[in-house]
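> Given the structure of chain W, go ahead and fit chain F onto it with the hints provided.
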Amino acid sequence: MRQTLAITLQNLRSIPGRIGPSLVAVIGVAGVVAVLVAVLSMARGFESALTTGTDPENVVIMRSGSSGELDSGFDGPTTRLITQAPQLAFASPELYVVVDLQKKSTGTQANVPFRGISEDGPAVRDEFEIVEGRLFERGRKELIAGVAAAEKFSGLEVGNTLQFGQERWDVVGLFSTGGGATESELWTDTAILQGAYRRGNSYSIVYGRLQNADDFQAFKDELTTDPRLSVKVERETEFRAQQSEALSGFISVLGYGIAILMALGALFGALNTMYTAVSDRSREIGTLRALGFASAPIVVSVMVEALLLALAGGVIGAAAAYALFNGFAVSTLNFSSFTQVVFAFAVTPDLLVQGVILALFIGLIGGLAPAVRAARMPIVSALRE
Amino acid sequence: MNEKTLDHIVELKGVTKTYHRGRERIEVLKQLDLEIETGEFAALMGPSGSGKTTLLNLIGGLDHPSAGEIHVSGQRIERLGSRALAKWRSNHIGFIFQFYNLMPVLTAQRNVELPLLLKKMSSKERRDRAMTALEIVGLTDRAKHLPRELSGGQEQRVAIARAIVSDPDLLLADEPTGDLDRDTAGDILELLQTLNTRHGKTILMVTHDPAAADRAGRIVHMDKGRLLEEAA
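Chains as they are written, first to last, in this note's numbering: chain W, 1 to 385; chain F, 386 to 617.
In isolation and in its complexed conformation, chain W is listed as follows (with noise of 0.2 Å):
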């Protein structure tokens, strides 16, 4: 322990006399680790946006056999019924189209929902809110728009109008819903939009909020067990996981398999940092042996060297990733329901350790090579090195 501790403490001393090679395999494995949790963050940010603002009371009722709310439909009577169950405090239903905007970032055209909502809309998602303007008078083409929406969209400030196909509507006010994918859309009422858009009497989905998050099941079992409807009966939550499972599953694997890549490169620089220290330190770690320190503590202290330049990498990276990245806002293309969805990338604590743990593993993989040269070198040859 002694030997192993003297040895290790005057290899970390040298480290200023070998700084080059040991800042470019730092750098290294900084650089991986930060592109492994920004990756991930957009992951997490993604199904985080999917997913905040909903309550365990939160439920959704959809057409039975629809993936989402593009494919979902009722007609007036049907969504009567549902809106009727007396396990319900409030019920949205709610139509739900897309229309065109202008990202204000590359000027190009993309899908936005533009929903219209029932007088029980804002008191379903309890975090609702108006941040400027007013909320849409009933009866009139008027639009609020969610702050994320107006954020990344061109014309959505308060006072202007816009044109969807023949018809024009104000925007008279911004929302926010605490976080979450609805703060992407934009809000009307239901039956203005039924019009413009010719829908009739019919609607996509039903919002509803339980009394109380245990009714669900009997809600459940009220809905699907009478022989007038065919619908799909979900809490909120599990819906938007679903809706997020797509891209967020493709975000991660993007992000492990470039992560994975960059990880190779990192560990070659690592290994060749370890080898360059041992080699260069090879009369130093033979005259040791000369004087009679045994092999094994050389590897603990290449081995120590090795992880402590990662764990520096990696958290040099981590932070990195984190200043640069937590809270940067993007919109994206929801594979669910082609429309964009605004997010925030999400760095997560435990997004940070997965991207120290990494740096260590490239660390251990690149000190242990190197470590065992240093330790099975001919003490004869390393004197003569």
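No wet-lab data here; the hints were simulated from the structure. Careful, some of the hints might be misleading.
Some chain W residues judged to face chain F by a derived CB distance under 7 Å, without partners named [unchecked claim]:
| # | residue |
| --- | --- |
| 1 | A6 |
| 2 | R13 |
| 3 | I15 |
| 4 | R80 |
| 5 | A294 |
Idealized CB from N, CA, C, for every residue including glycine.
Okay, now just chain F, sitting in the frame of chain W:
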């Protein structure tokens, strides 16, 4: 059976060392017998490639012979494993290298303390013994200096202090003056003589330099892996 009388601190019997370079077999030492008495200061001389350093490395337990027996300080060492050999070296041998081989990031005192890290002793005891060794080589005032702040001769004195600090039975010096100017080399040789005469250290020194060899009590000549005549 392995214990030898300590009249001969070093005893080699039929020691052969061969290397293989590709298919070529190179015999560096050939059936070599050698005895060195306790308290002797012996110089090993010979041209490059004669096998001097190889012989020194075998006696110091840094390398294994291909054949023959090596007894040093009462221990037959050629069959010891690397861990046992490392421990044995730390107890019995002090090495002095041509290029000093000091740790560049450690002060003179810390360099001298290095072999003592392998012993059970307090840090104060380590420090005291290192300072005593530095006093013997006349460098107490340079204890806190790094090797790069010392002259070549001072570096070699620190290396000698490191070699003697754990009070080994045998000092093995490989061209200890090979990197020094004549005057400084003279000082180092005088120090080695003092260690031999006043402190009773047995010394085996490899050298090219006849003037250096003349300081030793015995000169052993080598050529092509064999011992030649000895000069007193």
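> Against this structure, judge whether each hint is valid.
Verification of the hints:
1. A6: 5 Å, holds
2. R13: Interface hint status for W:R13: holds (4 Å vs cutoff 7 Å).
3. I15: 9 Å, violated
4. R80: 83 Å, violated
5. A294: 5 Å, holds
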